[in-house]
Amino acid sequence: MAEIGLSQLHKSFDDFVAVQNTNLTIADGEYFALLGPSGCGKTTTLRMIAGLEMPTSGRITLGGRDVTQLRAGRRDIAFVFQMFALYPHMNVRDNIAYPLKSQGMSGRAVRQRVDEVARLLQIEPLLPRRISALPGGDRQRVALARAIVRRPQAFLMDEPLGTLDAELRSLMREELRALHDRIGATTIYVTHDQVEAMSMADRIAVMYQGVVLQAAPPMEIYARPATKFVAGFVGAPAMNFLDAQGEIAPSADWLRVADVEVGMPALREGLSGRHAILGIRPEHLRLTSEGGLRGVVFGAEYLGSHQLLTVDTPAGRMHVRTSHRDPLRIGETVGLEIDPAHVVLFDPDSERALASDSHPGGPDIHVARKEAASG
Amino acid sequence: MGSAQAHSIVEPGRLSKRVAVVLVALYALFAVVPMAWIVMTSFKTTEDAIAYPPKVVFDPTLEGYVHLFTNRSRQTEEYMQDLPPAEHWWQEIVREDNMVITGPSRFADRYLNSLVIGFGATFLSVFFGALAAYAFSRFKVPLRDDLMFFILSTRMFPPVAIAIPVFLMYRELGLNDTHLGMIILYTAVNLSLSVWILKGFMDEIPREYEEAAMVDGYTRLQAFVKVVLPQAKAGIAAAAIFCLIFSWNEYNFAILLTSGNAQTAPPFIPLIIGVGGQDWPAVGAAATLFILPAVIFTVLLRKYLLAGITFGAVRR
Chain V
0 MAEIGLSQLH KSFDDFVAVQ NTNLTIADGE YFALLGPSGC GKTTTLRMIA GLEMPTSGRI
60 TLGGRDVTQL RAGRRDIAFV FQMFALYPHM NVRDNIAYPL KSQGMSGRAV RQRVDEVARL
120 LQIEPLLPRR ISALPGGDRQ RVALARAIVR RPQAFLMDEP LGTLDAELRS LMREELRALH
180 DRIGATTIYV THDQVEAMSM ADRIAVMYQG VVLQAAPPME IYARPATKFV AGFVGAPAMN
240 FLDAQGEIAP SADWLRVADV EVGMPALREG LSGRHAILGI RPEHLRLTSE GGLRGVVFGA
300 EYLGSHQLLT VDTPAGRMHV RTSHRDPLRI GETVGLEIDP AHVVLFDPDS ERALASDSHP
360 GGPDIHVARK EAASG
Chain W
0 MGSAQAHSIV EPGRLSKRVA VVLVALYALF AVVPMAWIVM TSFKTTEDAI AYPPKVVFDP
60 TLEGYVHLFT NRSRQTEEYM QDLPPAEHWW QEIVREDNMV ITGPSRFADR YLNSLVIGFG
120 ATFLSVFFGA LAAYAFSRFK VPLRDDLMFF ILSTRMFPPV AIAIPVFLMY RELGLNDTHL
180 GMIILYTAVN LSLSVWILKG FMDEIPREYE EAAMVDGYTR LQAFVKVVLP QAKAGIAAAA
240 IFCLIFSWNE YNFAILLTSG NAQTAPPFIP LIIGVGGQDW PAVGAAATLF ILPAVIFTVL
300 LRKYLLAGIT FGAVRR
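Order-wise, the sequence lines are chains V and W.
Residues 0 to 374, numbered by numbering that gives the first Met the number 0, are exactly what the first sequence covers, in order.
Residues 0 to 315, numbered by numbering that gives the first Met the number 0, are exactly what the second sequence covers, in order.
Any given hint might turn out to be false.
[Unchecked claim] When the alpha-carbon atoms are kept at most 20 angstroms apart in a straight line, the in silico DMTMM-like pairs for lysine to aspartate or glutamate are as follows:
1) K139/W with D14/V
2) K225/W with D93/V
3) K139/W with E76/W
4) K139/W with D93/V
5) K100/V with E207/W
[As the list claims (entries may be wrong)] Here are some chain V residues pointing at chain W (derived, C-beta under 8 angstroms):
6) L45
7) A49
8) L51
9) A71
10) F78
11) Y86
12) P87
13) H88
14) S101
15) Q102
16) G106
17) R255
18) G291
19) V295
20) F297
The hints are simulated quantities; they were obtained by calculation from the structure and are not laboratory data.
Beta carbons: idealized from backbone N, C-alpha and C, even for Gly.
Chain V with its partners taken away, still in its complex shape:
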């Protein structure tokens, strides 16, 4: 088991920058998720840690040892692929035993270790079977067994649940986390599914366009997103972004949204302009009959425990999550009240979150604006 360190890690393919000067430290025994949309550089980062891709510059350390120049096989890590990459010409036992054979372990020791791992993952009856005869979930378990069997310093998983159907995925999520708690190995888990990242990881790094925008525990990411992208990517339905106007200066604690005064935690920094983007999550909007931001219900989904509303307001279309008992009718006029404690303000140019009494402020990261707007 080991700590993994990335410092100034950079990777470009010709003139495409896949990963930009990334610094991350993943603690020993941590379950760490790399979250982001496809093409954000998360898989490239993982492959560089594995040694399957050479960084253009930067350093990778594993348990304090610099492994940047080391070939994959010498790094002592295990990789779980999205499509499992189980060798179709070998049966389950041989697949699991394969990493041990590279270490020149004796036949008996290999058999013992494979049996042990098979017991742990409850796949003993599968050992003599052919890979092609296994359903997806079992393949996933075999792939995990192959990763675990060598007792590597760290596990790297590239969307390991991506090819499973929804029901199996939620089952395997729990199994994966339970397995991690049992063996306690440092794990880096790449996914584009925020639910997987939020539900399993100790810490999440949200990546976009090759840049780590924020690396923090799930609650922190959710409550205090560092940039507008993070705020919009994590959470479903997504955070509402409203155009806010007024004096954006230290200690300011209110702004106007479509001529309605909205309170917020006192700012600790200011902007030169008079525009900002106000972010508020759907569950932090309250329905009122009088006052507030008036709007017309455009869509209503009644989901039992709560309902999801889409409301057209002068500030734009907004998502609301409410426990309001009676289903609302489409076309009904409602008022929306914004909970000031949960407001996050973003700089409209850099899209970073502004520091306030409830938010430390986002990092000053330059993300190409053009693509950010279209993506």
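With the hints as your guide, set chain W onto chain V.
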């Protein structure tokens, strides 16, 4: 595929299936008759072989095969009567025609040459082809598409078009009439096909397999041998069939570049016709023995043939 109950627009109808079966059967008959004729001729006597109308029912004899493997000389009746009793059945056969065996013919040598050169060239073509195909499939080779086209273009002219340069080159290098020379030549001709077939297959093998092996402690070469090659076996078999068929049948270079030492069977077989009249059974025997390895090899690997023709587009 389970039997479809409902009418399917993809599944051919019963009538078209029957027509297809009849057409295939006709074609098979058309293709098999000459082969059958060759095999039958090899078991006929010289007289039966040229009988008119042709004999389909005849007394089989191994005369053709004995003639193929021996040199004989004709003797007078008196000489034949003074001979001690024959020790072997093949001596018996030739004595009926007042002949004695003076020694083995060169056919066995030529046949062995064909085997050595044919299988040698096939092995090398597939070996180098697999390495090149893997490199083209996995690494960033500069000018990859141009190189692949260049490799294919070596197949676009008949190999014999370069016969004279090759002949001159081989004379300078001392490769004329050597096994090594022929193996190198056939390997060079086959390599383009082998690279193309194998690249198609390698492209279809997901990289993750090798990457998994490399993460698990193996070098790239080990991963290639233990993980990629077993999965490319259909492609290897297909490439091997095509390479063997070419090298085995090749006639033009063989007649140009070989004479005494490394001559293969194809240029030798026509020479039999001239020895002591038109000995069709011997020619038939030579042809029968000659097609045998190609037939066995193809039958053994036949299920990969289609995959090879489609360059890996249809896998399993």
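- Out of the numbered hints, which ones does the structure contradict? Violated hints (numbers, rising): 3, 4, 6, 16, 17, 18, 19, 20; every other hint is consistent with the structure.
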